[in-house]
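Visitor: The residues making up each chain are set out below.
2 protein chains.
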Amino acid sequence: SRRTMGRAMGLAGLLLGLVLVPAVLVSTGLRHGAPRTEAEPEPSDWELAADAVPADSLWPLPQWVRTSPRQLQLAPSRFQLVHGAGSSAGPGCGLLQDAFRRYYEYMFGHSRRRMRSRRPLVARAEPELSQLQVVIEASDPGCDRHPDLTSNEAYHLTVTEPVAILKAYEVWGALRGLETFSQLVHEDDYGSFLVNESEINDFPRFAHRGVLLDSSRHYLPLKSILTNLDAMAFNKFNVLHWHIVDDQSFPYQSIYFPELSDKGAYSSNLIYSPTDVRLVIEYARLRGIRVIPEFDTPGHTQSWGKGQKDLLTPCYNGQQPTGSFGPVNPILNTTYDFMTKFFKEISTVFPDAYIHLGGDEVDFTCWKSNPEVKEFMKRQGFGTDYAKLESYYVQNILDIVSSYNKGQMVWQEVFDHKAQLKPDTVVQVWMANNYAHELSSVTGAGLTAVLSAPWYLDYISYGQDWKKYYSVEPLNFPGSEKQKKLLIGGEACLWGEFVDATNLTPRLWPRASAVGERLWSSSNVTNLQDAYKRLTNHRCRML
Amino acid sequence: SRRTMGRAMGLAGLLLGLVLVPAVLVSTGLRHGAPRTEAEPEPSDWELAADAVPADSLWPLPQWVRTSPRQLQLAPSRFQLVHGAGSSAGPGCGLLQDAFRRYYEYMFGHSRRRMRSRRPLVARAEPELSQLQVVIEASDPGCDRHPDLTSNEAYHLTVTEPVAILKAYEVWGALRGLETFSQLVHEDDYGSFLVNESEINDFPRFAHRGVLLDSSRHYLPLKSILTNLDAMAFNKFNVLHWHIVDDQSFPYQSIYFPELSDKGAYSSNLIYSPTDVRLVIEYARLRGIRVIPEFDTPGHTQSWGKGQKDLLTPCYNGQQPTGSFGPVNPILNTTYDFMTKFFKEISTVFPDAYIHLGGDEVDFTCWKSNPEVKEFMKRQGFGTDYAKLESYYVQNILDIVSSYNKGQMVWQEVFDHKAQLKPDTVVQVWMANNYAHELSSVTGAGLTAVLSAPWYLDYISYGQDWKKYYSVEPLNFPGSEKQKKLLIGGEACLWGEFVDATNLTPRLWPRASAVGERLWSSSNVTNLQDAYKRLTNHRCRML
Numbered sequence: 001s002r003r004t005m006g007r008a009m010g011l012a013g014l015l016l017g018l019v020l021v022p023a024v025l026v027s028t029g030l031r032h033g034a035p036r037t038e039a040e041p042e043p044s045d046w047e048l049a050a051d052a053v054p055a056d057s058l059w060p061l062p063q064w065v066r067t068s069p070r071q072l073q074l075a076p077s078r079f080q081l082v083h084g085a086g087s088s089a090g091p092g093c094g095l096l097q098d099a100f101r102r103y104y105e106y107m108f109g110h111s112r113r114r115m116r117s118r119r120p121l122v123a124r125a126e127p128e129l130s131q132l133q134v135v136i137e138a139s140d141p142g143c144d145r146h147p148d149l150t151s152n153e154a155y156h157l158t159v160t161e162p163v164a165i166l167k168a169y170e171v172w173g174a175l176r177g178l179e180t181f182s183q184l185v186h187e188d189d190y191g192s193f194l195v196n197e198s199e200i201n202d203f204p205r206f207a208h209r210g211v212l213l214d215s216s217r218h219y220l221p222l223k224s225i226l227t228n229l230d231a232m233a234f235n236k237f238n239v240l241h242w243h244i245v246d247d248q249s250f251p252y253q254s255i256y257f258p259e260l261s262d263k264g265a266y267s268s269n270l271i272y273s274p275t276d277v278r279l280v281i282e283y284a285r286l287r288g289i290r291v292i293p294e295f296d297t298p299g300h301t302q303s304w305g306k307g308q309k310d311l312l313t314p315c316y317n318g319q320q321p322t323g324s325f326g327p328v329n330p331i332l333n334t335t336y337d338f339m340t341k342f343f344k345e346i347s348t349v350f351p352d353a354y355i356h357l358g359g360d361e362v363d364f365t366c367w368k369s370n371p372e373v374k375e376f377m378k379r380q381g382f383g384t385d386y387a388k389l390e391s392y393y394v395q396n397i398l399d400i401v402s403s404y405n406k407g408q409m410v411w412q413e414v415f416d417h418k419a420q421l422k423p424d425t426v427v428q429v430w431m432a433n434n435y436a437h438e439l440s441s442v443t444g445a446g447l448t449a450v451l452s453a454p455w456y457l458d459y460i461s462y463g464q465d466w467k468k469y470y471s472v473e474p475l476n477f478p479g480s481e482k483q484k485k486l487l488i489g490g491e492a493c494l495w496g497e498f499v500d501a502t503n504l505t506p507r508l509w510p511r512a513s514a515v516g517e518r519l520w521s522s523s524n525v526t527n528l529q530d531a532y533k534r535l536t537n538h539r540c541r542m543l
Numbered sequence: 001s002r003r004t005m006g007r008a009m010g011l012a013g014l015l016l017g018l019v020l021v022p023a024v025l026v027s028t029g030l031r032h033g034a035p036r037t038e039a040e041p042e043p044s045d046w047e048l049a050a051d052a053v054p055a056d057s058l059w060p061l062p063q064w065v066r067t068s069p070r071q072l073q074l075a076p077s078r079f080q081l082v083h084g085a086g087s088s089a090g091p092g093c094g095l096l097q098d099a100f101r102r103y104y105e106y107m108f109g110h111s112r113r114r115m116r117s118r119r120p121l122v123a124r125a126e127p128e129l130s131q132l133q134v135v136i137e138a139s140d141p142g143c144d145r146h147p148d149l150t151s152n153e154a155y156h157l158t159v160t161e162p163v164a165i166l167k168a169y170e171v172w173g174a175l176r177g178l179e180t181f182s183q184l185v186h187e188d189d190y191g192s193f194l195v196n197e198s199e200i201n202d203f204p205r206f207a208h209r210g211v212l213l214d215s216s217r218h219y220l221p222l223k224s225i226l227t228n229l230d231a232m233a234f235n236k237f238n239v240l241h242w243h244i245v246d247d248q249s250f251p252y253q254s255i256y257f258p259e260l261s262d263k264g265a266y267s268s269n270l271i272y273s274p275t276d277v278r279l280v281i282e283y284a285r286l287r288g289i290r291v292i293p294e295f296d297t298p299g300h301t302q303s304w305g306k307g308q309k310d311l312l313t314p315c316y317n318g319q320q321p322t323g324s325f326g327p328v329n330p331i332l333n334t335t336y337d338f339m340t341k342f343f344k345e346i347s348t349v350f351p352d353a354y355i356h357l358g359g360d361e362v363d364f365t366c367w368k369s370n371p372e373v374k375e376f377m378k379r380q381g382f383g384t385d386y387a388k389l390e391s392y393y394v395q396n397i398l399d400i401v402s403s404y405n406k407g408q409m410v411w412q413e414v415f416d417h418k419a420q421l422k423p424d425t426v427v428q429v430w431m432a433n434n435y436a437h438e439l440s441s442v443t444g445a446g447l448t449a450v451l452s453a454p455w456y457l458d459y460i461s462y463g464q465d466w467k468k469y470y471s472v473e474p475l476n477f478p479g480s481e482k483q484k485k486l487l488i489g490g491e492a493c494l495w496g497e498f499v500d501a502t503n504l505t506p507r508l509w510p511r512a513s514a515v516g517e518r519l520w521s522s523s524n525v526t527n528l529q530d531a532y533k534r535l536t537n538h539r540c541r542m543l
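Chains as they are written, first to last, in UniProt numbering: chain X, 1 to 543; chain H, 1 to 543.
Just so you know, these hints were derived from the structure itself, not from any lab.
For each residue, glycine too, the CB sits at the ideal point set by N, CA and C.
Be aware that a few hints might be false.
Over the 10 Å line for every Cβ pair with chain X, so calculated as not near, a few chain H residues [said to hold, decoys possible]:
(1) S88
(2) Y106
(3) E361
(4) T536
For lysine-lysine, the following DSSO-like pairs were computed, each having C-alpha atoms within a straight-line distance of at most 30 Å [claimed, not checked]:
(5) X/K467 to H/K468
(6) H/K368 to H/K418
(7) X/K263 to H/K533
(8) H/K533 to X/K223
With the sequences and hints as input, model every part of the structure.
Guide: As structure tokens, then:
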């Protein structure tokens with residue numbers, strides 16, 4: 001229908017020249033600046049206007065879009081993705097070369113074979129777009145680096161006859177622009193590939209746009225993780241928060257401590273070997289996605305205890321050990337010896353500047369039952385405030401990890417229980433109850449925050465719950481401008497209690513796409529009907 | 001672990017001979033006949049007892065199981081599924097030949113290749129089971145027939161050295177017994193295939209055990225339907241209720257009225273051709289599954305109107321037609337001419353003795369707006385009771401379908417609105433509100449009932465909602481013994497508003513397995529912990 005409408009608009013387009021459609025108008029249906037509630041009818045030209053521009057296929061919606069009804073044709077046999085003149089990147093840039101190959105496939109992959117085998121390319125009236133030239137402007141394009149929190153993901157895309165030009169400061173922006181360009185290209189009923197002349201200026205609203213996967217409750221085969229990284233790239237996510245181990249299993253194969261997975265994994269083949277981990281990191285890097293591993297302590301560690309003797313706290317019933325274990329034992333030097341060595345490995349294996357140290361949901365029951373822990377509490381002057389013991393432990397771990405020059409992410413309890421945190425610590429807010437207040441507190445203390453509370457996608461319900469995720473406004477919390485700047489993004493979390501390879505993809509996507517647009521697009525991109533239309537097209541494309 | 005426990009129990013087995021474990025004991029954990037609530041601890045020998053018998057892998061649980069810790073080995077290269085002496089079926093029975101091939105694959109498929117390529121078969125101490133002999137006792141085994149409501153699905157299975165014997169009156173019982181036998185065979189850590197000596201006597205509690213799939217809200221590719229038929233066979237379901245068309249689309253390609261799908265399908269390739277329909281019916285037949293098509297009228301028919309002029313009621317605003325249409329127009333002779341021809345085709349294409357005629361959720365608004373309908377109401381003396389008009393229409397359709405010697409299924413409203421129904425009409429109870437009362441009314445009127453109300457599996461929620469489906473007791477409604485007999489079964493319904501090929505399988509299975517066991521197994525098989533264990537194994541096997 002997009003093409004049909006494009007044709008119907010052809011004459012008008014010629015008469016009027018370029019149709020200016022700032023993205024915000026397209027997305028909200030506003031014509032005169034007045035906000036429109038959902039119940040009000042759309043203007044009668046709404047369908048026409050939306051159909052006439054390629055914006056109904058873009059997700060997440062770029063910050064600024066100008067589009068024309070004039071269409072250019074792409075011939076798969078001739079069209080090229082190339083490095084443009086003046087780019088600091090060239091054929092030696094493996095990351096872009098890989099992206100060129102990938103996006104060529106996305107755009108023409110299946111149809112090309114069909115066209116070649118069945119019929120010659122039909123000569124058409126439309127002018128042709130022959131190239132997309134990619135120009136990286138920074139002196140160091142970043143081809144061999146890993147993305148980080150400060151990566152520049154902005155890009156500028158112009159699609160005009162005879163070549164399209166994609167400019168970005170770094171390769172990370174080029175990756176985002178390639179995704180957008182591929183979303184502009186569409187196939188008509190006759191198998192021709194078309195793109196509307198357009199100009200797009202785009203950049204992310206938030207720097208940290210993450211998806212949490214949990215490979216402990218259920219093991220996730222590599223293929224599931226890689227497929228998810230593809231889907232993340234389609235939605236301009238840039239952080240894989242890999243909740244790799246937990247109580248239930250320890251699939252991470254440690255180089256220093258192989259017994260952790262030997263004993264703690266569900267089985268000897270349900271592990272992530274060093275090669276597997278490198279593959280995930282590289283696959284993610286090529287898509288501009290950071291991999292932040294989470295090694296959650298001192299709670300959520302039952303599986304660690306199987307392969308590491310004396311790491312967990314023995315629980316007592318009166319004077320008798322019960323045989324059960326609680327959180328990591330915070331009173332032993334051996335604990336910190338182990339953690340020092342363990343996190344040295346993690347700091348090397350995972351190149352990202354941040355490690356997530358967990359710190360959530362520490363159950364004090366076992367600590368309270370243990371006579372030696374009680375004695376330690378007394379010596380330290382903690383009284384009966386076990387949150388102080390937790391903070392004592394966490395600060396030791398923070399110090400260890402800091403010594404390896406890694407930044408730290410933690411769950412909100414670490415902040416709530418008053419651990420002394422370095423200013424660059426990222427506090428992840430997950431508790432659904434009054435999360436706006438928590439964001440206010442965290443940023444009020446000068447700390448950086450990431451929001452997850454409204455985006456726990458493992459919770460499912462009947463119907464279009466994506467609208468709920470979409471309608472969250474992350475900055476809607478009390479605080480100064482400075483505080484607002486400290487909220488650097490959010491994460492969609494897919495905890496694994498009821499998720500494995502059989503249902504991960506259909507459960508996460510396209511629901512997580514709603515979070516993806518909220519974190520990328522402008523804050524005034526909030527119209528649900530427009531989002532529904534674009535999301536429908538986007539889902540179809542992802543499939 | 002089953003095997004390890006079997007070994008540990010080996011000596012005890014020799015001393016005690018066969019361990020008698022009636023299925024009910026295994027499944028409920030009862031040892032002394034007293035009901036145990038979920039919160040009470042299990043007896044300490046529970047794990048041992050359950051692990052020592054193969055019953056922890058059976059789903060749905062057979063009516064009667066006797067098992068021994070003595071294990072027999074199966075050599076894939078030698079083991080055979082064969083027709084036993086005295087069977088009325090032989091190599092000419094395509095249905096059984098196909099089932100033999102299928103179950104051989106399920107039991108040995110992957111491992112066989114591995115064993116052949118990597119190592120010779122190791123000679124073991126266990127005695128060998130060399131054959132499963134299948135004996136059909138009825139003079140007509142039913143190989144070329146279609147299953148029906150009166151099909152005999154009972155079977156008797158004995159597994160003893162050197163041959164296992166599966167006796168059934170008809171092939172339908174043999175299919176169920178083959179599934180059970182395959183569930184008994186397990187692979188140990190060394191790749192050996194083992195089965196415990198056992199005896200099983202089994203039959204279904206209810207004759208109608210269905211799954212509803214909806215191919216109108218989203219088109220379901222043939223592959224999804226066939227995969228689901230496989231899963232249904234794994235769970236001893238025997239009815240595919242194919243809700244094939246609805247408001248949203250008409251994918252059924254009619255022979256007499258091809259325009260229905262030409263105009264009413266989502267697109268020209270999203271249809272079920274006559275060949276597709278035959279394939280589904282035959283694939284189902286080979287698994288002992290009936291295919292009951294639903295052509296729901298007079299409501300839920302928007303898509304019919306696109307390809308069949310004047311079939312739907314024009315809606316009016318005052319004296320002006322609005323251009324919109326309502327339910328099927330019940331006042332025109334042409335409507336009944338069409339339906340006569342249409343259902344003649346359906347009666348031929350679908351061999352099942354029943355057709356589902358729908359009849360749910362008829363919205364009277366459009367009928368009320370139409371002056372000709374109002375005039376008709378007056379002439380017929382219906383006053384303003386549009387339920388009478390609905391019944392008038394439905395009875396005409398029932399008469400048409402009856403003339404083709406087909407039985408009828410209808411949704412509960414057809415009964416509620418007092419249509420005169422033939423005694424063999426099957427009324428499907430779907431409204432969640434007080435469905436026990438509805439069952440009481442339907443069966444009190446002497447009509448046959450099928451229960452779906454508590455099993456709408458398109459509704460999803462967080463966590464193990466299978467327990468909710470499992471805990472339904474269908475016969476828990478007020479009524480006489482005779483009334484209870486009129487409830488012939490139930491259906492798990494997966495409506496398609498939010499279901500397509502991407503999520504059908506993980507959304508339906510294993511949740512529908514809970515319904516499968518409720519409809520097959522004895523009413524006292526209700527222990528959730530035991531069910532959880534068996535369902536976990538069953539899911540793993542299905543995957």
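Visitor: Determine for every hint whether it applies to the structure shown.
Guide: A quick look at each hint next to the structure:
no., hint, in the structure
1, S88, "holds (41 Å)"
2, Y106, "holds (18 Å)"
3, E361, "holds (18 Å)"
4, T536, "holds (12 Å)"
5, X/K467 to H/K468, "holds (27 Å)"
6, H/K368 to H/K418, "holds (20 Å)"
7, X/K263 to H/K533, "holds (23 Å)"
8, H/K533 to X/K223, "holds (28 Å)"
Of the numbered hints given earlier, the model fails none.
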